[in-house]
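**Student:** Protein chains in written order, with our numbering: chain H, 7 to 325; chain D, 21 to 273.
Be aware that one or more of the hints could be misleading.
Cut-off 20 Å, straight-line C-alpha distance, at most; resulting in silico cross-link-like pairs (EDC-like, lysine to aspartate or glutamate) [as the list claims (entries may be wrong)]:
#1 Lys146/H x Glu135/H
#2 Lys81/H x Asp161/D
#3 Lys81/H x Glu127/D
Calculated from the structure, these hints are not laboratory results.
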Amino acid sequence: MNDAKLITVEHLSRNFGPIQAVSGVDFELKRGEVLGFLGPNGAGKSTTMQMITGNLAPSMGQIQICGVDLLDQPKQAKAEIGYLPEQPPVYRDFTVDEYLDFCARINRMPRDKISKAVDQAKQRCGLTEVSNRLIGNLSKGYQQRVGIAQAIIHSPAIVVLDEPTVGLDPIQIREIRSLIRELSAEHGVILSTHILPEVQMTCDRVQIINKGKLVFSDEVANLDERMRATTLLIELVNPPAESELEQLAGISKVENIGNQQYRLHHAQGENPAEEIAKQAVNANWGLRALTPERKSLEQIFVEITSAEQAHHETEEAAA
Amino acid sequence: MMVLTLAQREIRSLFYSPLAWAILAVTQFILAYLFLAQLQEFIRLQPQLRVLEQAPGLTDVVIVPMYSSAAFILMMVVPLLTMRLVSEERRSRSLTLLFSAPISMTEIIIGKFLGIVAFLLIITGMMTLMPLSLSVAGSLDYGLLTAVVIGLILMIAAFASVGLYMSTLTIQPTVAAVSTFGILLLLWIIDWAGTKVADENASGALTYLSMLRHFESLTRGVFNSSDIMYYLLFITTFIVLSIRRLDADRLQR
Numbered sequence: 007m008n009d010a011k012l013i014t015v016e017h018l019s020r021n022f023g024p025i026q027a028v029s030g031v032d033f034e035l036k037r038g039e040v041l042g043f044l045g046p047n048g049a050g051k052s053t054t055m056q057m058i059t060g061n062l063a064p065s066m067g068q069i070q071i072c073g074v075d076l077l078d079q080p081k082q083a084k085a086e087i088g089y090l091p092e093q094p095p096v097y098r099d100f101t102v103d104e105y106l107d108f109c110a111r112i113n114r115m116p117r118d119k120i121s122k123a124v125d126q127a128k129q130r131c132g133l134t135e136v137s138n139r140l141i142g143n144l145s146k147g148y149q150q151r152v153g154i155a156q157a158i159i160h161s162p163a164i165v166v167l168d169e170p171t172v173g174l175d176p177i178q179i180r181e182i183r184s185l186i187r188e189l190s191a192e193h194g195v196i197l198s199t200h201i202l203p204e205v206q207m208t209c210d211r212v213q214i215i216n217k218g219k220l221v222f223s224d225e226v227a228n229l230d231e232r233m234r235a236t237t238l239l240i241e242l243v244n245p246p247a248e249s250e251l252e253q254l255a256g257i258s259k260v261e262n263i264g265n266q267q268y269r270l271h272h273a274q275g276e277n278p279a280e281e282i283a284k285q286a287v288n289a290n291w292g293l294r295a296l297t298p299e300r301k302s303l304e305q306i307f308v309e310i311t312s313a314e315q316a317h318h319e320t321e322e323a324a325a
Numbered sequence: 021m022m023v024l025t026l027a028q029r030e031i032r033s034l035f036y037s038p039l040a041w042a043i044l045a046v047t048q049f050i051l052a053y054l055f056l057a058q059l060q061e062f063i064r065l066q067p068q069l070r071v072l073e074q075a076p077g078l079t080d081v082v083i084v085p086m087y088s089s090a091a092f093i094l095m096m097v098v099p100l101l102t103m104r105l106v107s108e109e110r111r112s113r114s115l116t117l118l119f120s121a122p123i124s125m126t127e128i129i130i131g132k133f134l135g136i137v138a139f140l141l142i143i144t145g146m147m148t149l150m151p152l153s154l155s156v157a158g159s160l161d162y163g164l165l166t167a168v169v170i171g172l173i174l175m176i177a178a179f180a181s182v183g184l185y186m187s188t189l190t191i192q193p194t195v196a197a198v199s200t201f202g203i204l205l206l207l208w209i210i211d212w213a214g215t216k217v218a219d220e221n222a223s224g225a226l227t228y229l230s231m232l233r234h235f236e237s238l239t240r241g242v243f244n245s246s247d248i249m250y251y252l253l254f255i256t257t258f259i260v261l262s263i264r265r266l267d268a269d270r271l272q273r
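Okay, chain D solo, but in the shape it has when bound (with noise of 0.2 Å):
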């Protein structure tokens, strides 16, 4: 309940500053170009694809790669829509206004992540509506759609919580944004170093870090729990520690 009413908050925020509004206007042409891009290149491989035996289909060849495109632009875009979370509301003193009232911390972590997911799943929604305009045309694998959108909104809820907690530690904005890029990408690019690494164990946990990898699989339409574990996981630790963050503000220094 209350958490609800923070996360109605933190949307109408959102959209009452124009960062929101060019956010969703920019993905979503970026998005759309990709998308076009993908299709028409699909197009001219048709008639080659015909004559294989076991093709690619239209989910395979269009879709796919949009959404690894999308999970690669929304690395960039998430850090700029969690910055202000919590360091803006402690830069111009609201946050004393949550922490007077009788709600707990965990309830304004919570909030404020839910806020920003039910934010990023309107980005989703958006983007979803572009490859379900060609099941008018054609024939959509929507098993393996619905495990790259589950996959999507996985990894940016899971960016998002980074996010979150890196606004919790400063109060500027900027900061923020920049060091929660930084994380991404890091966790983004980490499986590159773990490939040549000599040592199995050790790149083996580095490619488990690897949050594309995680992505990777559902993009093959290969729905497994570790994967879905590795995003919940993710976000939970973040989550504990953004609360923990927070109410140490309270605490003795």
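Same shape as in the complex, but just chain H (with noise of 0.2 Å):
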């Protein structure tokens, strides 16, 4: 059981009045995963973590976190996640030690646990050297982090971070990251972004959002399949017309971008790298870079929603 889903959600769906802001998803966690909630602005990603978290009922659909219903048996429920939201939850009157000391208290540890926990939880955070400042004089980024200590604090099984690492800086992103790698050792972790690149650093497993619907859904390892594009980007010192370069072996399409550089299509699959190399040598085109482009995450994201949409445009035209 343990090592099996820590999270089913079958059929969630959310209204705000007219406005359908998640409409039958469907996922699961496992233990020891990282999965990436990926969207645009307003594609219902939060809404997605509220509910899970229980901070929203769903107007359908369940939600199994360990194997116990949320919405039947909340507190069990409940005990098992940690969650940061979009601002984290903190009382800014209050010092860093007292608040991870409420947050122990409120989760239910119990006593004797809760000074190691909140010591553990500042170390992984790195915010032992401000145990005893007011929160509300802390910088973003440092709460921010307290905010992540206090989703960490009662080691649940699971750990969502609605965009942890907004307002961070980048060597604070580094860590953060790291940290978001080191919890998926214990816990699942659920985490939701638009940086695309954060995506493919620290998630096991990736799922696009968009207007309110799951429209993707892999590893990011096949994902990098899916990216290896079908273009070469080369620079000549003397270029040949540019229709000796379309005739060249397996090259279906060239586009000429300037500064002597131009890009090669071809088949997906196929690698006509090598060919294209001997051809410049023999033909003394003075080659200078040749590279396998890669299509971006952003790229296929764009893909991904764009034909979501054409698709749900002809669907309305047919209706």
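Work from the hints to combine the two standalone chains into their complex.
**Tutor:** Put into structure tokens, the structure is as follows:
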């Protein structure tokens, strides 16, 4: 049971009046997994997270946390969740120590374990030096860390982080990312973001949400596969005519992008780089650079979300 | 257990803000002034009172009026204390912390209510030290004193329950304070209209609703269970309303 599914979500939907913020989302989270929620603003990421953590009741659907139904037995289910919302839920006039102590208590930790848990959480989030400072006087980055410390203090099975690296400086971002990787050793982690490289760096699995619907869900490793693009970028000192380039084996299209650089399109799964290099040397084109291009996650993201939209529009037109 | 943790946090937050200290200082100052003025009056009247057969004692002349004034002053003070209870947490988004923790809405509301009541008990305790200081020199009617203290505590707890409910309705603390004060004042004076309405039943109902009426009998030393029930029902009603309102945050709108 334990190493199986931490979260099972089925047909999750939520309306705000006439607006359907989330509709029919299903997913699972396993132990030791980092799941990334990706989506444009207003896609329903935060709403989904609020529902998983019991802050919003779903209009429809089921949520099981470690096999316990969140709606039927909220107390047991919530004990297994640590949640960092978009804005860290801190009491500004408390010190870090007082605040974390309170968080440990409301999560029903036994008294004798609290001070140890507070120390550990502070250490993990790099808060030890600011223990006695008022949270309101800390910088945004530190407040964010306090928020993360709060989410992990009772070592829940699931840690849900809503845009955890917003407002942090690059060094802190790296620290937080490595913290997330570290957390995934014992906990299941769900994080939402719109920073795409973050997903590549920290997540095992990615789900793209657009307009309240789950439009893509796959392992990050498979995403890498998808990112392998079908273009090569070459730079030539003595470029031949474009038509000559087009006649190279395996090249379907040539784009002149200036500065003696060309983008060569080829079919998926083939790599004509070797041939091109040979040809360039033979014909004395003065080959300076030859790079297989990779599609960025941005492009995939745009492809997926816009394809979905186009699909939607044709559907509407048909109806 | 959990309720006490939440109540403790509420008190801590209150004392971290200057508001609580200011309120304690100001109410104590005003009540001390009233107490001294009342005491002087008693000393002036003492020769005449001695002649009367069933003369009102120290407690009647000095203490009871002080508690009546205290109830009125606290009617203005309690909204200021309760206004931030939920609205402030909602505004700073820290309510999420409580919602995601394994605690129920009932525990959250009761915790907050007990926190504020504990603070009001501190005010009442400080106030009660003044009449108790008289026991050094004179003899007090402890039965009557107990009755007014209980009456005052019930009354201000009832104020707090209204304030708590108003605070769950809004995100603006000041709106909560103003509307709480409005409701309390209305319930305070509602029996003025009650006595002027011709219809027997209607006037009876309005008089029953008045918070002041139920306090008055306690100030005469009459410990009537129906008055106690009035306050307990009043408090329960507003606490249940608050719980329901907080729960509605999660639900479909």
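**Student:** Decide, hint by hint, whether the structure agrees.
**Tutor:** Evaluation of the provided hints:
1. Lys146/H x Glu135/H: Measuring from Cα to Cα gives roughly 16 Å; hence the hint holds.
2. Lys81/H x Asp161/D: With a Cα-Cα distance of about 50 Å, the restraint between Lys81/H and Asp161/D is violated, given a limit of 20 Å.
3. Lys81/H x Glu127/D: 12 Å, holds
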